[in-house]
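J.: The task is to assemble the complex, starting from two chains supplied on their own in separate frames and drawing on the hints.
Protein chains in written order, with the numbering used here: chain E, 1 to 204; chain P, 205 to 515.
No lab work stands behind these hints: they were computed from the structure.
Don't be surprised by glycine CBs; every beta carbon is placed ideally from N, CA and C.
Treat each hint with caution, since some may be false.
Away from chain P, derived, C-beta distances all over 12 Å, residues of chain E [unchecked claim]:
1) Asn-24
2) Leu-125
3) Glu-170
4) Ala-200
Derived DSS-like pairs: lysine-lysine, alpha-carbon spacing no greater than 27 Å straight-line [unchecked claim]:
5) Lys-66/E - Lys-6/E
6) Lys-104/E - Lys-21/E
7) Lys-15/E - Lys-316/P
8) Lys-21/E - Lys-66/E
9) Lys-442/P - Lys-453/P
10) Lys-14/E - Lys-316/P
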Amino acid sequence: MGLEAKNLSFRYSKKQPWILKDCNVTVERGQRLAIFAPSGYGKTTLSMLLAGYLEPVEGQVLLDGKPLPGKGICPVQMILQHPERAVNPRWRLRRVLEESGTLKEEMLRDFGIERAWLDRFPRELSGGELQRFCVARALMSGGEYLICDEISTMLDVITQAQIWQVVLDEAKKRNMGLIAVTHNYYLAERIATGILDLTAENVD
Amino acid sequence: MEQKKETLLEIHDLSISFRMYHQGLEQKELQVISDLYLTIYPGEIVAVAGSSGSGKSLLASAILGLLPGNATVHGHLHYQGQELTPERQRRLRGREIALVPQSVAYLDPLMKIGPQTDGHEKSRSPERRRQLFARFGLPEETEGLYPFQLSGGMARRVLVSTALLTDARLVIADEPTPGMSLDQALEALGMFREMADEGRAVILITHDIDLAFEFADRVAVFYGGTTVETAPASDFKKGPEALRHPYSKALWSALPQNGFHPIPGFQPYPGDLPEGCLFAPRCPLKTAECTAAVPPVQEIRGGEVRCYHGT
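Just chain P, same shape as in the assembly (with noise of 0.2 Å):
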C-alpha cells in the first residue's frame, strides 16, 4: 500500500452512542460504534464486510451527517486532510460525497425516475443517464414509470445509477446488489471499479463479500461496532491462512463456496457488551488476556488488526 499517498477520507477512535429513555424519564447513553477506524485513498474501493448489526451503514450515516439528533459522536473524521464538520458535511454531501442508500424506500414515491435520478442540482442532460440505464439493462421506459411499478431489483439499479451520475469522489454504497442478478451485480461493481480507476474512491457496504474480494482494493471487517482488520482484498482470495483476526477466518470459511461452516453464537447487543475483546465470548483463541483489556490495533503483514494472537 502506498501509505505516504494523501487520504481522501481519514476515519479513527469514532464512537456513535444513542442517548435513550431507559425507565421512565431517566436516560441512558447506549454505545453502537467504538474505537472504529477506516482510511481510504483515492482511486481504491473499500469493502466494509461483517455482521449484521456491526454499525456499517451508521458509519455511512456519520461520514455524510445524517444521524437523528439523539446521537453523539467523538473520534476524527477527517476529508481531503480537513475535518469533516457538520457545516461542511451539508456542503459535500450529494455533490463532493454521494450515497447509495441500502433500501429501496429512499427513492421518492411521488417522482418519476427519469427527473428523479438526474437530482435537483442543476439540469443535467438526460444522455449520460440513459446510456447508464441502458448498460445496466433498464428498459428506456423506466424513466417515466415511478418507483411503486419497479421490482425490488430495478429500483436498486436506479438506486445506483444516482449516485454514479454525480461527480463525486467518494461514493459510499450500502449494500447495492441484494436482489440484483448475478450479471447485474457485476455490472454495478464493475462500473464502481471504473470509477476508482479514475482516481475517485467508494467505501462498497456489503454481505456479498465473495463478489467484494473480486473488485475492492482492501476490506474493512467490524464486529460489534468496531474494526477488527483491515486487509488487501488478495488476502481473502488467498484464504483463512492469509487473514488475521479469527473472526475474518470465520467469515470465510462460512461462505458456501468454502465449506459453509458457521461459528457458533451471536454478536454481543450494544449495552451488553462483553470486557475486552467484543469477539472474544465466540473466539476460539481466547485467552485471560482478551477478556481483561480491549486489544490495541496492530499491523501484521500490510494490514492492520485488533487482536492478541492475530496471525
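Looking at chain E on its own, in the form it has when it is part of the complex (with noise of 0.2 Å):
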C-alpha cells in the first residue's frame, strides 16, 4: 500500500539507453524518504514518474494498489528544483496560487507568503520567495504524497531551513508521504525517516 513504484524502468526511444532500470521504491502516508544517487542517475526522471508527469516504459506507478488517476489534481504532488521555469512568467502569483484553490489568510500565513507578493510577477521574486509558492501550490491542492526534487539546493541556507519547516510542518499535520531527493546527508537526517540510496539497491 501507500505509493509504490514496481519495477519501474524509462527511457525516451528505443534507440536511447535506459535511463532508470527495474528501480523500486515505496513510501507509506506518514514516511519521509530521503533518496540518495550520483548525478545522471535519473532521480528527477524517478520523480517526474511517481508525480505522473511521465508514463513509465515498463512497471507502473501504483497508489494504494491502483495506477495514478488519469483525471483531476494528482495525489501526487511535484516540486521542482528551479521554481523560476516551474511558475508562469507571464502570471502575477496571485494567479500562479489560484490555480490550485482559494487563497486562504492563514495559509499564506504558514507558508510564509506576504501580501504584497500576489501582485507581482515571478520575475521580481527571489528563488527562495517563489519556492514558498511552488510549495504552497503544491499542498494547497490537498495531496497526499509530495515529491520535492532537489528544491533548497540553490537556496542560501537560511531560506533552505525556511522552507523545509513549512514543508515538514505541513506534511506533519496531514499525515503526508513524502519523497525528498537531494544530495546533502545531513540535509537529509534532519528531513527523513528513512533513506534510500538508489545505486545500492538496484545493482544489476
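T.: Shown next, in the form of C-alpha cells:
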C-alpha cells in the first residue's frame, strides 16, 4: 500500500539507453524518504514518473494498489528544483496560486507568503520566495504525497531551513508521504524518516 | 593573517546601481550593491557566502567588467596594486582572471566539449585536459559530445575544467558545485585548494558553505548587497561564539548539521532598503542606533564586521 514504484523502467526511445531500469521504491503516508544517487542517475526522471508527469516504459506506479488517476488534481504532487522555471512568467503570483484553489489567509501566513507578493510577477521575487509559492501551490491542492526534487539546492541555508520547516510542518499535520531527492546527507538526516541509496538498491 | 603581504585583488566602497525605467519614460537608479569590500591575497581561497540575491554574482561580473550597459559602478577595484580599468579588465579576463560561470547555459551549445574546454586563445595540448577530465570522472567520450548531451553534474565539471586549464592567477568560481555528488564536489574544491597552494587565488561563491569552510582560508559574508563580515574560515568551524555578525551566526545555525533553525523574515529588496543597518529588521540585537545609521566596519579578533554589536 502507499505510493509504490514497481520495476520502473524508462527511456525516451528504443534507440536510447535506459535512464532508469527496474527501480523499486515504496513510501507510506506519514513516511518521509530521502533518495540519494549520483548525478545523471535518473533521480528527476524517477520523481516525474512518480508524480505522473511521465509514463513508465515498463513497470508501474501504484497508489494504494491502483494506478494514478488520469483526471483531476493528482494526489501525488511534485516540487521542482528551479522555481523560476516552474511558474508561468507572464502570470502574477496570485493567479499562479489560485490555479490550485482558493486563497486563505492562514495558509499564506503558514507558508510565509507576504500579501504584497501576490501582485508581483515571478521575476520580481527571489528564488527562495518563489519556491514558497511552489510549495504552497503543491500543498493547497490537498495532495496526499509530495515529491521534492532538490528543492533547496539553489537557496542559501537560512532560506533552505525556512522552506523545509513549512514543508515538514504541513506534511506532519496532514500525515502526508514525502520523497525528497537531495545530495546533502545532513539535510536528509534532518528531514527524512528513512534514506534510500538507489545505487545500492538496484545493482544489476 | 599576513596583512603586509601584497594583495592580489582589493575592493572597497564598491557600489553598483542599475538605471531602470520606472514609469513611462521616467528613469530611476536602483542601487543593488553598496559599500562592499573584499581583499584577496595570493595563495588563498576566499569563500563568499550569503543569501540569494545578496549580490554575489554581480561582484564577479564587476571584477571582470561584464556588467550590462545600464549599470554604474563606483568605488575602488585594484588588481595587483593597480586600478582595474575597463581596458585592463578586457585584457585580463580569460587570461589572468578566469571565471567558472554559475549557469551551465554559459557553454556554447554548438561547440563540442573538448575544443570548448581548451579555449580559443592558443592551441593547448589536449593532454592536460584529458588528465583533468579523468580526475573528475568524466568519461573519455565526453570531449566529443555537445553540451545538451551532458547531465547537469557533468556540465558543472566541464565548466570547472575550463577555468582550471587556464594559467589564471585569480579564479572566480560562481557556485561551482550544485548538482555534483559529494565526492565530485570535494574533488573540485580540492583542485582549487591545490591552485591556491601554488600561489594563485580563488574566490569561491557558494551556498554549500559547510564544504567551503573546509577548503577556504577566509569567508566573506554578504547580505543585501554589502559585506557584513569577513572572518577566518576556522571561526566558522568553531561555531557561532567565534563569529562576529548576527547574520553569520544565523547562517551557521541554519545548517542542517547545526540545528536547522531558520531566523524569520526576508532580505530587503533593492529600492526598498531600510535606513541604517540592512539586517536590523531581522536582528535580535537591534537597538535605536542600528536604524539611525549604517554601522562602520570594525576589526574584531582578526576579522572585520559591520555591526554596532559585533562580538
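J.: Against chain P, does Asn-24/E keep a CB gap of more than 12 Å to every residue?
T.: Per Cβ check, Asn-24/E is outside 12 Å of chain P; nearest 22 Å; holds.
J.: With a cut-off of 27 Å on the C-alpha distance, tell me whether Lys-14/E and Lys-316/P pass.
T.: 25 Å, holds
J.: Take a quick look at Leu-125/E and tell me if its Cβ sits farther than 12 Å from every Cβ on chain P, holds or violated.
T.: Non-interface label on Leu-125/E violated, nearest chain P Cβ at 9 Å vs cutoff 12 Å.
J.: Is the Cβ of Glu-170/E farther than 12 Å from every Cβ of chain P?
T.: Holds: least Cβ distance 15 Å, greater than 12 Å.
J.: For a C-alpha distance cap of 27 Å, please report whether Lys-442/P and Lys-453/P respect it.
T.: 11 Å, holds
J.: Compare the distance between the alpha carbons of Lys-66/E and Lys-6/E with 27 Å, and conclude whether the hinted pair is satisfied.
T.: 12 Å, holds
J.: Hint check: Lys-21/E vs Lys-66/E, CA-CA at most 27 Å. Holds or violated?
T.: 21 Å, holds
J.: Is it correct that the beta-carbon of Ala-200/E has no partner in chain P closer than or equal to 12 Å?
T.: Answer for Ala-200/E: holds, closest chain P Cβ roughly 14 Å.
J.: Verify the proposed pairing of Lys-15/E with Lys-316/P, using a straight-line Cα cut of 27 Å.
T.: With Cα atoms ~22 Å apart, Lys-15/E and Lys-316/P stay inside 27 Å; holds.
J.: Do the alpha carbons of Lys-104/E and Lys-21/E lie within 27 Å of each other, as the hint requires?
T.: 43 Å, violated
In terms of the numbered hints stated before, the structure departs from hints 2, 6, listed from lowest to highest.
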